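Given only the sequences and the hints, what does the whole structure look like? Please build it.
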Amino acid sequence: MILKGTLAMPPPTEPRTPRSHTVDVDLLRVFDTLLRVGSFTTAAKALSRTQSAVSMQLRRLEDQLGVQLVDRTGRRLSATPEGLQLLPLARQMLGLNDQLFHDLDIAEVSGSIRIGAIEHYATRVLPALIAEFCRLYPRIHVELEHGVSSLMHAELGARYDLVVGIGPVGSGEGRRLSKSRVVWASTPGSNIHQQRPLPLALNPEGAMLREWATHALDRAGIAWRIAYTSTTVTGLEAAVRAGIAIGVFREATISKRLKVLGGREGMPAMPECEVWLAAVPLPGRRAVELLEAFLIQRLRRSPR
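Numbering (numbering that gives the first Met the number 0), first residue to last: 0 to 303.
Take the hints with a grain of salt, since some may be wrong.
[Unchecked claim] Label pairs and their calculated CB-CB ranges: (1) Ile225 / Lys255: 21 to 31 Å; (2) Gln296 / Gly262: 34 to 44 Å; (3) Glu107 / Gly242: 52 to 62 Å; (4) Ile225 / Ile295: 35 to 45 Å; (5) Arg58 / Pro196: 47 to 57 Å; (6) Glu271 / Gly73: 15 to 25 Å; (7) Gly205 / Thr72: 24 to 34 Å; (8) Gly242 / Gln296: 33 to 43 Å; (9) Arg58 / Pro80: 12 to 22 Å; (10) Thr122 / Lys178: 15 to 25 Å; (11) Thr21 / Thr230: 45 to 55 Å; (12) Pro137 / Gln194: 49 to 59 Å; (13) Ser47 / Leu150: 14 to 24 Å; (14) Gly205 / Arg299: 23 to 33 Å.
Source of the hints: derived by calculation from the structure; they are not laboratory data. Since the model is a prediction, treat every value here as computed from it, not as a measurement. Beta carbons are placed, not taken as given, at the ideal position from N, Cα and C, and that holds for glycine.
The following block contains the structure:
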């Protein structure tokens, strides 16, 4: 007997569509900006796009490369191991791309730049440097204001083009310019540090040194009160010299007319801090890149 039938064959598989091997530079810029500023909201402001558009463009890049590039689980976005591997290459490609559009005659570069800086830098360090920069590039206009680091960094890319701020050592907020101890200080010959509750001269709420000081005293079980509040180092020093309170300062900038207090006087230890510079250079913003490079060169040569 001959059996007739049809041999069952597996269904044909569709040909696999290869991934594109041409990366969209615009997607790399979204990736770089996200890691510079640490959030979708701030990156969207910096790139003049919606938050959903930024999220979608990052997803497109990750899908194209087949790996996750950004860890979205923490309070601040960070790079995955694959993202860290891509980041220097991405920035190199962005630099080459932007160079195509740069004016070869940098003296003709024009634009407006807004800088936010902590008070010491805004009043004592940056004005002379900005004046020097503007003499080199007369068509670039710079606006400078001082404020609280955390608030200014949150507005990086939206309100500010560059921010000079302060944070814990290794915070990664920007390029480190200098490092310094944080110390307690009073007027020489005063025993005000023995008073309870301890009178303090501090910056307004939200300032990093204020938070460090009050947390350190709470951990040490030392009662305290706010006796004087000022947004400026000059104001805080005046209050301390008058004997109203003790203050907290970066050791690198503390007045010689004040006395540093430490464990011998019963004051709790404070961590080290760093001053950083953060910027978000965007296409066509050659002026920002020039000022960022100028400030890094000058400030690293002479830490403040």
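Each hint tested on the structure:
1. Ile225 / Lys255: 21 to 31 Å: holds, 26 Å
2. Gln296 / Gly262: 34 to 44 Å: For Gln296 and Gly262 the Cβ distance comes to about 38 Å; the hint holds.
3. Glu107 / Gly242: 52 to 62 Å: Hint holds: Cβ distance 56 Å, inside 52 to 62 Å.
4. Ile225 / Ile295: 35 to 45 Å: Cβ of Ile225 to Cβ of Ile295: about 36 Å, so the range 35 to 45 Å holds.
5. Arg58 / Pro196: 47 to 57 Å: Given range 47 to 57 Å: holds, Cβ gap about 53 Å.
6. Glu271 / Gly73: 15 to 25 Å: Cβ of Glu271 to Cβ of Gly73: about 23 Å, so the range 15 to 25 Å holds.
7. Gly205 / Thr72: 24 to 34 Å: For Thr72 against Gly205, whose Cβ atoms are near 25 Å apart, the range 24 to 34 Å holds.
8. Gly242 / Gln296: 33 to 43 Å: Between Gly242 and Gln296, where Cβ atoms are some 42 Å apart, the hint holds.
9. Arg58 / Pro80: 12 to 22 Å: holds, 19 Å
10. Thr122 / Lys178: 15 to 25 Å: holds, 21 Å
11. Thr21 / Thr230: 45 to 55 Å: Holds: the Cβ-Cβ distance is about 50 Å, inside 45 to 55 Å.
12. Pro137 / Gln194: 49 to 59 Å: holds, 54 Å
13. Ser47 / Leu150: 14 to 24 Å: Since Ser47 and Leu150 have Cβ atoms about 21 Å apart, the given range 14 to 24 Å holds.
14. Gly205 / Arg299: 23 to 33 Å: holds, 28 Å
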